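A.B. asks: Sequence:
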Amino acid sequence: MRRFLKKNIPWQIIILIKALGFLPILFIHFMVLPSQAYSKEAAILNTTIMGEIDMELEYIESQQRKLLTRNFNLLESSKVKAAHQSIEKIIGPGPCISAHCLRLMSQALGVQTLFVLRIKQINEAFQLSLVRTQSNEMHIVDDFCSPCDQEQFNKILTQLTSALIKNKGNYAKLILPLDLTLPKEEVTEMQIEMPVAPLDPLPPIDARLLYPSITTNGEFVMIDIQEIELPDPEVPIVPEAPKDLSELQSTQEDILIFPLSKDLVQEEKG
3 MRRFLKKNIP WQIIILIKAL GFLPILFIHF MVLPSQAYSK EAAILNTTIM
53 GEIDMELEYI ESQQRKLLTR NFNLLESSKV KAAHQSIEKI IGPGPCISAH
103 CLRLMSQALG VQTLFVLRIK QINEAFQLSL VRTQSNEMHI VDDFCSPCDQ
153 EQFNKILTQL TSALIKNKGN YAKLILPLDL TLPKEEVTEM QIEMPVAPLD
203 PLPPIDARLL YPSITTNGEF VMIDIQEIEL PDPEVPIVPE APKDLSELQS
253 TQEDILIFPL SKDLVQEEKG
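Going by the working numbering, 28 is the number at position 26 of the sequence shown; the sequence numbering is gapless.
Since the hints were derived computationally from the structure, they do not count as laboratory data.
In this text, all values refer to a predicted model and were calculated from it rather than measured experimentally.
For each residue, glycine too, the CB sits at the ideal point set by N, CA and C.
One thing to keep in mind: the hints can contain errors.
Derived Cβ-Cβ restraints for the label pairs, each shown as a range [said to hold, decoys possible]:
hint	residue 1	residue 2	range
1	124	172	35 to 43 Å
2	81	125	21 to 29 Å
3	71	125	29 to 37 Å
4	92	138	30 to 38 Å
5	57	138	32 to 40 Å
6	109	63	18 to 26 Å
7	92	53	34 to 42 Å
8	151	93	15 to 23 Å
9	172	93	13 to 21 Å
10	91	125	14 to 22 Å
11	61	97	25 to 33 Å
12	176	53	20 to 28 Å
13	152	94	19 to 27 Å
14	55	78	32 to 40 Å
With a straight-line cut-off of 27 Å between C-alpha atoms, the simulated DSS-like cross-links for lysine-lysine are [as the list claims (entries may be wrong)]:
hint	residue 1	residue 2
15	122	91
16	81	91
17	91	168
18	157	42
19	170	157
20	91	175
21	91	68
22	122	168
23	157	91
24	122	170
25	68	83
26	122	157
27	175	42
28	42	83
29	175	68
30	157	175
31	170	68
32	83	122
33	168	42
34	175	122
35	42	81
36	68	122
37	68	81
38	168	157
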């Protein structure tokens, strides 16, 4: 077959076919693979356990790493622990479960995707919450494990991981903002106009009026209080009555009739 192609097809076409065959390979090697490797970098933070569980922490983290290795290039655990120790010097010791800590860990490690597993004991059951940071968001799914042996734990952890990565399952996904800081707005200066005083300001008060002088004369104590001069009150001006009241008086005489009571009758003396 090869001899047939060499005899019947010109050598220029064969070279062109070989060149075109290498171009997709070079494109995949230099463009597609590096971008996929960069976008799939992730880190697993320390697991937070609140309660008493029979499984060891090393087993829990190894199972989580086994599931995430299929889809991400995971950073070494030693690098993650070193970054966590440096972050603790800033925000203090404790598990990295707050949005502030996750944002600092993402900046320190140089990756946008972080995974954190939280295990909380509630009575006899355990609540498993898996957190994934993506861009500027936290995606959280959780489930309950009771009894929480290795088989049940592996099953629930697999389902939670699949729900976050592939959106599979019937889990309700909670999405929260990772950056809780508000944008700074420019504050415009406001000019406050004070009301104009309707009257002139009062003159200053003499200090002698506020603090009277006290003198002692033997057994007597004399207090000298300055008199305060108060202005005379203004007397309202009443218009004068007309002098000629002839027009206001009636020409008819008014006769007043009083009843003769005992108070008005005087008895004759003698």
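A.B. asks: For each hint, tell me whether it holds in the structure or not.
C.D. replies: Hints, verified against the model:
Evaluation of the 35 to 43 Å hint for residue 124 and residue 172 yields a failure: the beta carbon distance comes to about 21 Å. Between residue 81 and residue 125 the CB atoms are about 37 Å apart, so this pair departs from the stated range of 21 to 29 Å. For residue 71 paired with residue 125, a C-beta distance near 34 Å keeps the hint of 29 to 37 Å intact. Residue 92 and residue 138 have their C-beta atoms about 20 Å apart, which leaves the hinted 30 to 38 Å range violated.
The hinted window of 32 to 40 Å between residue 57 and residue 138 holds, with their beta carbons roughly 33 Å apart. The hint said 18 to 26 Å for the Cβ distance between residue 109 and residue 63, and at roughly 23 Å that hint holds. At roughly 28 Å, the beta-carbon separation of residue 92 and residue 53 lies outside the given 34 to 42 Å, and the hint is violated. Hint check: residue 151 to residue 93, Cβ distance near 35 Å, so the stated range 15 to 23 Å is violated.
Checked against the given bound of 13 to 21 Å, the beta carbons of residue 172 and residue 93, roughly 36 Å apart, lie outside it. Residue 91 and residue 125 have their C-beta atoms about 37 Å apart, which leaves the hinted 14 to 22 Å range violated. Taking the beta carbon of each, residue 61 and residue 97 are about 19 Å apart, not inside 25 to 33 Å as hinted. Residue 176 and residue 53 have their C-beta atoms about 21 Å apart, which keeps the hinted 20 to 28 Å range intact.
Here the CB-CB span from residue 152 to residue 94 is close to 34 Å, at odds with the stated 19 to 27 Å. For residue 55 and residue 78, the hinted distance range of 32 to 40 Å is not satisfied, since their beta carbons lie about 25 Å from each other. Between the alpha carbons of residue 122 and residue 91 the distance comes to roughly 26 Å, so the proposed pair stays at or under 27 Å and holds. Straight-line distance between C-alpha atoms of residue 81 and residue 91 comes to about 16 Å, which keeps the hinted pair within the 27 Å bound.
Pair hint residue 91 plus residue 168 does not hold up; C-alpha atoms about 36 Å apart against a cutoff of 27 Å. Among the hinted pairs, residue 157 with residue 42 is consistent with the structure: their alpha-carbon atoms are about 24 Å apart, no more than 27 Å. This hinted pair checks out: residue 170 and residue 157 have alpha carbons roughly 14 Å apart, not beyond 27 Å. A hinted pair counts as satisfied when its Cα atoms are at most 27 Å apart, and residue 91 with residue 175 does not qualify at roughly 32 Å.
Simply put, residue 91 and residue 68 have alpha-carbon atoms about 31 Å apart, too far for the 27 Å limit, and the pair is violated. As the CA atoms of residue 122 and residue 168 are separated by approximately 25 Å, the hinted pair is consistent with the 27 Å bound. About 37 Å separates the Cα atoms of residue 157 and residue 91, which puts this hinted pair outside 27 Å; it is violated. The suggested pairing of residue 122 with residue 170 holds, with an alpha-carbon distance near 24 Å, which does not exceed 27 Å.
Using a Cα cut-off of 27 Å, the hinted pair residue 68 and residue 83 holds, with the two alpha carbons roughly 19 Å apart. Simply put, residue 122 and residue 157 have alpha-carbon atoms about 17 Å apart, close enough for the 27 Å limit, and the pair holds. The suggested pairing of residue 175 with residue 42 holds, with an alpha-carbon distance near 21 Å, which does not exceed 27 Å. Between residue 42 and residue 83 the CA atoms are separated by roughly 20 Å; this keeps the pair inside 27 Å, and the hint holds.
A C-alpha spacing of about 23 Å is found between residue 175 and residue 68, which places the hinted pair at or below 27 Å, so the restraint holds. For the proposed pair residue 157 and residue 175, the alpha carbon gap of about 18 Å is at most 27 Å, so the pair holds. A hinted pair counts as satisfied when its Cα atoms are at most 27 Å apart, and residue 170 with residue 68 qualifies at roughly 19 Å. Proposed proximity of residue 83 and residue 122 is supported: the alpha carbons are some 22 Å apart, at most 27 Å.
For the proposed pair residue 168 and residue 42, the alpha carbon gap of about 14 Å is at most 27 Å, so the pair holds. A hinted pair counts as satisfied when its Cα atoms are at most 27 Å apart, and residue 175 with residue 122 qualifies at roughly 18 Å. Between residue 42 and residue 81 the CA atoms are separated by roughly 17 Å; this keeps the pair inside 27 Å, and the hint holds. Between residue 68 and residue 122, the direct Cα distance comes to roughly 22 Å. Compliance with the 27 Å bound is thereby established for this hinted pair.
With a CA separation close to 18 Å, the supplied pair residue 68 and residue 81 stays within the 27 Å bound. In summary, the hint linking residue 168 to residue 157 is supported, as the alpha carbons are separated by about 16 Å, within the 27 Å threshold.
Hint violations for this structure: numbers 1, 2, 4, 7, 8, 9, 10, 11, 13, 14, 17, 20, 21, 23, all remaining hints satisfied.
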